Each structure stands twice: as structure tokens, then as C-alpha cells.
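Q: Sequences and hints are given; from them, build the entire structure.
Going by the working numbering, the first residue of the sequence shown is number 453, and it counts up by one from there.
Note that these hints are calculated values from the structure, not bench results.
Predicted model, so just to flag it, every value in this text is computed and none were measured.
Some hints could be false.
[What the hints assert, rightly or not] Have a look at the derived ranges for each label pair, beta carbon to beta carbon:
no., residue 1, residue 2, range
1, A511, C486, 34 to 42 Å
2, G513, H489, 19 to 27 Å
3, M520, Q488, 27 to 35 Å
4, G501, Y479, 20 to 28 Å
5, C486, D517, 30 to 38 Å
6, A481, K524, 18 to 26 Å
7, H489, K524, 33 to 41 Å
8, G504, I483, 16 to 24 Å
9, C486, K524, 31 to 39 Å
10, P484, K524, 15 to 23 Å
11, A485, M520, 31 to 39 Å
12, P484, M520, 31 to 39 Å
13, G515, A485, 27 to 35 Å
Using N, Cα and C, we set each Cβ at its ideal position, and we do this for glycine too.
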Amino acid sequence: MKPLNNANLEDIKRVVKLDKNTAQPKYLADIPACLQHLINGIYDPIGDGNCGFHCMAQALGYGKDGWMRVRK
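A: Pasting the structure below:
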């Protein structure tokens, strides 16, 4: 595992920038303590077979129906 530096932290911040309305504090215990302060929220997608696309759309800021855009 490579050490964290400012560039890595900026990448992590971009990936975890999620909708605050979907935050599930119960999942924070699964994230290493050294990274928890970087978490803006946690998105738990519906399990419809497209959950990976839902996650990517949410992380990219495309909104609820943006998963179709990510899938293309």
C-alpha cells in the first residue's frame, strides 16, 4: 500500500464527495479512522443489478437517473 500524500487525498475527496441526504453513519466504522474525516456521505444504492452504475453516477454528481449516462 502506498503512503498517502496530498495528491492521493485530493483524489479520495473527489471519489467520496456524495449526497449528504444519503449518509448512513453505520458504515463509517468500516472506513479506516485516518480517512473518516474525508467522508462527506455514504451512498447505498438500490440492488437492481445496476448498483455499480448508480454509485458512479452519484459520485460524479449526475443525479438519480444519471446511471444510464454512466452505463453508456
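Q: Against each hint, give a clear statement of whether it holds in the structure.
A: Quick rundown of the hints versus the structure:
1. A511 <-> C486: 34 to 42 Å: Violated, at about 21 Å.
2. G513 <-> H489: 19 to 27 Å: At roughly 21 Å between Cβ atoms, H489 and G513 fall inside 19 to 27 Å, so the hint holds.
3. M520 <-> Q488: 27 to 35 Å: 32 Å Cβ-Cβ, so the 27 to 35 Å window holds.
4. G501 <-> Y479: 20 to 28 Å: 21 Å, holds
5. C486 <-> D517: 30 to 38 Å: 35 Å, holds
6. A481 <-> K524: 18 to 26 Å: 36 Å, violated
7. H489 <-> K524: 33 to 41 Å: 35 Å, holds
8. G504 <-> I483: 16 to 24 Å: 19 Å, holds
9. C486 <-> K524: 31 to 39 Å: Holds, at about 36 Å.
10. P484 <-> K524: 15 to 23 Å: Violated, since P484 and K524 (Cβ atoms, about 34 Å apart) do not stay within the stated range.
11. A485 <-> M520: 31 to 39 Å: Taking Cβ atoms as reference, A485 and M520 lie about 36 Å apart, which means the hint holds.
12. P484 <-> M520: 31 to 39 Å: 33 Å, holds
13. G515 <-> A485: 27 to 35 Å: 31 Å, holds
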